[in-house]
Amino acid sequence: MPMTIAEKILARASGRKRVSPGEIVEAKVDVAMAHDLTAPLAIEALHKMGVKRVWDPSKVVIVLDHQAPPTTIEMAKDHAMLRKFVAENRIPNFYDVHEGICHQVVPEGGFALPGRLVVGADSHSCTYGALGCFATGVGSTDMAAIFATGKLWFRVPESMLFKIKGRLRNRVAPKDIILKIIGDVGVDGATYRAVEFAGDGVRHLTVAGRMTVCNMGVEMGAKTAIVPPDEQTKLYLKGRARGKYKEVCSDSDAGYVDERTYDVSNLEPQVACPHRVDNVRPVREVQGIEVDQAFLGSCTNGRLEDLIEAVEVMNGKKVAKGVRMIVSPASREVYMDALNAGVLQRLVKAGAIVESPACAACMGCHVGVLGPGEVSISSSNRNFKGRQGSPEGKIYLASPATVAASAVMGKITDPRDV
Amino acid sequence: MARAWVFEDDVSTDDIIAGRYLIKHDPRELGIHAMENINPIFAKRVKRGDVIIGGKNFGCGSSREQAPIALKAAGVSAVVAESFARIFYRNSINQGLPVITCPGVRSGFKNMHKVKVDLKRGTIHNVTTGKVFKAEPFPDFILGILRAGGLIPYLKRRGAPRRR
Numbered sequence: 001m002p003m004t005i006a007e008k009i010l011a012r013a014s015g016r017k018r019v020s021p022g023e024i025v026e027a028k029v030d031v032a033m034a035h036d037l038t039a040p041l042a043i044e045a046l047h048k049m050g051v052k053r054v055w056d057p058s059k060v061v062i063v064l065d066h067q068a069p070p071t072t073i074e075m076a077k078d079h080a081m082l083r084k085f086v087a088e089n090r091i092p093n094f095y096d097v098h099e100g101i102c103h104q105v106v107p108e109g110g111f112a113l114p115g116r117l118v119v120g121a122d123s124h125s126c127t128y129g130a131l132g133c134f135a136t137g138v139g140s141t142d143m144a145a146i147f148a149t150g151k152l153w154f155r156v157p158e159s160m161l162f163k164i165k166g167r168l169r170n171r172v173a174p175k176d177i178i179l180k181i182i183g184d185v186g187v188d189g190a191t192y193r194a195v196e197f198a199g200d201g202v203r204h205l206t207v208a209g210r211m212t213v214c215n216m217g218v219e220m221g222a223k224t225a226i227v228p229p230d231e232q233t234k235l236y237l238k239g240r241a242r243g244k245y246k247e248v249c250s251d252s253d254a255g256y257v258d259e260r261t262y263d264v265s266n267l268e269p270q271v272a273c274p275h276r277v278d279n280v281r282p283v284r285e286v287q288g289i290e291v292d293q294a295f296l297g298s299c300t301n302g303r304l305e306d307l308i309e310a311v312e313v314m315n316g317k318k319v320a321k322g323v324r325m326i327v328s329p330a331s332r333e334v335y336m337d338a339l340n341a342g343v344l345q346r347l348v349k350a351g352a353i354v355e356s357p358a359c360a361a362c363m364g365c366h367v368g369v370l371g372p373g374e375v376s377i378s379s380s381n382r383n384f385k386g387r388q389g390s391p392e393g394k395i396y397l398a399s400p401a402t403v404a405a406s407a408v409m410g411k412i413t414d415p416r417d418v
Numbered sequence: 419m420a421r422a423w424v425f426e427d428d429v430s431t432d433d434i435i436a437g438r439y440l441i442k443h444d445p446r447e448l449g450i451h452a453m454e455n456i457n458p459i460f461a462k463r464v465k466r467g468d469v470i471i472g473g474k475n476f477g478c479g480s481s482r483e484q485a486p487i488a489l490k491a492a493g494v495s496a497v498v499a500e501s502f503a504r505i506f507y508r509n510s511i512n513q514g515l516p517v518i519t520c521p522g523v524r525s526g527f528k529n530m531h532k533v534k535v536d537l538k539r540g541t542i543h544n545v546t547t548g549k550v551f552k553a554e555p556f557p558d559f560i561l562g563i564l565r566a567g568g569l570i571p572y573l574k575r576r577g578a579p580r581r582r
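Keeping their order, the protein sequence lines are chains A and B.
Counting from 1, position 66 in the first sequence corresponds to residue 66 in this note's numbering; the numbering is continuous, with no gaps.
Convert by adding 418 to the 1-based position in the second sequence; the result is the number in this note's numbering.
If you are wondering where the hints come from, they were derived from the structure by calculation, not from laboratory data.
Take the hints with a grain of salt, since some may be wrong.
[What the hints assert, rightly or not] Here are the computed lysine-lysine pairs in the DSBU-like style, where the Cα-Cα straight-line distance is at most 35 Å:
no. : chain 1 : residue 1 : chain 2 : residue 2
1   : A       : K77       : A       : K394
2   : A       : K8        : A       : K234
3   : B       : K552      : A       : K385
4   : A       : K28       : B       : K465
5   : B       : K574      : A       : K165
6   : B       : K574      : A       : K8
7   : B       : K465      : A       : K385
8   : A       : K52       : B       : K534
9   : A       : K163      : B       : K474
10  : B       : K552      : B       : K574
11  : A       : K84       : B       : K538
12  : B       : K574      : B       : K549
13  : A       : K48       : B       : K462
14  : B       : K574      : A       : K385
15  : B       : K549      : A       : K48
16  : B       : K549      : B       : K534
17  : B       : K552      : A       : K151
18  : A       : K77       : B       : K442
19  : B       : K538      : A       : K151
20  : A       : K238      : A       : K17
21  : B       : K474      : A       : K394
22  : B       : K490      : B       : K549
23  : A       : K84       : B       : K442
24  : A       : K151      : B       : K528
25  : A       : K17       : A       : K163
26  : B       : K574      : B       : K528
27  : B       : K549      : B       : K442
28  : A       : K52       : B       : K442
29  : A       : K349      : A       : K317
30  : A       : K317      : A       : K244
31  : A       : K385      : B       : K490
[As the list claims (entries may be wrong)] Chain A residues, not near chain B, derived (Cβ > 12 Å throughout):
no. : residue
32  : G199
33  : V218
34  : E219
35  : E290
36  : L339
37  : N381
[Claimed, not checked] To spell it out: a stretch of chain A is covered by chain B in this simulated footprint if at least three of its residues, at any positions, have a beta carbon under 8 Å from a beta carbon of chain B; those stretches are:
no. : region
38  : 36-45
39  : 232-242
Built from N, CA and C at the ideal position, the CB exists for glycine as well.
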């Protein structure tokens, strides 16, 4: 019986020949990730279970990124507790406050490998699917169960296929593809499903671009988002992969509950308007709205190619008066590369604030919050009311190019017009 | 008697408890900020035992387990909705907060209607209008988790998987 990539990975992880959608399986988790906002609750739950040690320290990744470095006494205490937990459990894969966002350091660290089952205590864990693994987010108690046993139950999801055709035009980005898709299917358009992105349009995307696309799978409700592995995947993983891996792909006659085709060759820059991720329109239709904050960063769009695209769009122009442009490279590696390439220098020269590599302004619990009535143009993934501070603030989600163009013009701007 | 608090479609976990409060640990502190972004009076007026009636895709967004923790601490005894987002659904069961999928329920309630929820039978009774809604009853093991007050107390009762 033919299977999709998602079904094949869950079958392998649960020790079965095959699985079909709707079945409940208990699967062995290959990598378990938790960060500074979800790990403390998971550890509390673990201790309440009477368990002191994680099942396999080499498979656990702990990242301090949401409140990094800490801005409150409570978070500083949490970080100290997490360092102690990591030391006591001899967890080798610990990323302290200077290392970057979990969804960047896990792929960089070679943990997300084709065919693997990766579970993160964060909804955007689906990002790792860009490397051909089954990656999904859970809450803290489920993570505690994994920490204790290395296993978790899953309902095998139905799969949904997006065939992407064509090449993106100049200044149009992977972010625009995923915004367009979410605008079409809606914020619950893929709930409980595994979404698979295939076709030559995806083959043309870099791994970084695929990560942007998979990252936002959860914004349409998906349990996981996967790009089948190819040469680019191998190239990215060369020198990074922790251990061997076997590439897994969907059978050509595998069953999908829904299949949609997108030709992206004529796609325009898109923007998700307040307060819904599926409230998507072409940038052209909303241009001219004045912005107070421009955020370039996050697990969606804080990678080197995103920063390069931004400085190319800005092309020596200054950030507009009255706009605060906040840049947070997704990881220390990205930070270093951007530093060496002179990208950060150009951003700072333009008047941008370069923050430490972390979640930063994405979710209103660290630097760069909105005041009442303020407008943010953001390369991140959520524009819910109050997400970046005041509930009276407004968040527009867009590509790095659109964020950069808007930052220099002081208003929402199509990057092709700068 | 429990009262209904009716919400729109796509209530996110950011709506339930905003990111700026995730640095708090005490469930009571989370509870006093529940639903603050979309209904600032909710946490002040909600009474122990009250029920949330939601639309489609309730609990979408982040994996923060602080969301069901905040609702429970605020006094909410159950969330009945047209449909739920995946992670919130699992987290709520794990925290012992009944989350009941019941198509058609959203239009059958107005704020402050009196409501009775029977978990075992899977019925949601609008006492004000007299209408009864039928939901899928929970499988026994989930009822067991809910009765125990969450996954951790449930596992402890059954003898947790101890290591070393």
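* Does E290/A really sit off the interface, with its C-beta more than 12 Å from all C-beta atoms of chain B? -> Non-interface label stands for E290/A: nearest chain B Cβ at 23 Å, farther than 12 Å.
* Mind checking, does the region 36-45 of chain A have 3 or more residues with a CB under 8 Å from chain B? -> holds (count 5)
* **Pair hint K574/B and K528/B, alpha-carbon separation not exceeding 35 Å** => Violated, at about 39 Å.
* Measure nothing beyond the straight line between the CA atoms of K151/A and K528/B; if it is 35 Å or shorter, mark the hint as holding. => Judged against 35 Å, a Cα distance of about 42 Å means the pair is violated.
* Distal placement of N381/A relative to chain B, Cβ over 12 Å -> Violated, because the least Cβ-Cβ distance between N381/A and chain B comes to about 10 Å, which does not exceed 12 Å.
* Are K574/B and K8/A close enough, with their CA atoms no more than 35 Å apart? -> Measuring from Cα to Cα gives roughly 33 Å; hence the hint holds.
* To do: Would you mind confirming whether the straight-line C-alpha gap from K552/B to K151/A stays at or under 35 Å?
  => holds (34 Å)
* **Hint consistency between K163/A and K474/B [alpha-carbon to alpha-carbon, up to 35 Å]** => Holds - the C-alpha atoms of K474/B and K163/A are around 27 Å apart, at most 35 Å.
* Asked: Is the hinted pair K84/A and K538/B satisfied, with a Cα-Cα distance of at most 35 Å?
  -> At roughly 43 Å apart (the allowed maximum being 35 Å), K538/B and K84/A break the hint.
* Asked: Do the alpha carbons of K549/B and K442/B lie within 35 Å of each other, as the hint requires?
  -> violated (40 Å)
* Asked: Keeping to a limit of 35 Å between CA atoms, is the pair of K549/B and K48/A held or broken?
  -> violated (41 Å)
* **Claimed clearance of chain B by V218/A, with the beta carbon kept past 12 Å** => violated (8 Å)
Hint check: violations occur at hints 4, 5, 8, 11, 12, 14, 15, 24, 26, 27, 30, 33, 34, 37 and 39; the rest are consistent with the structure.
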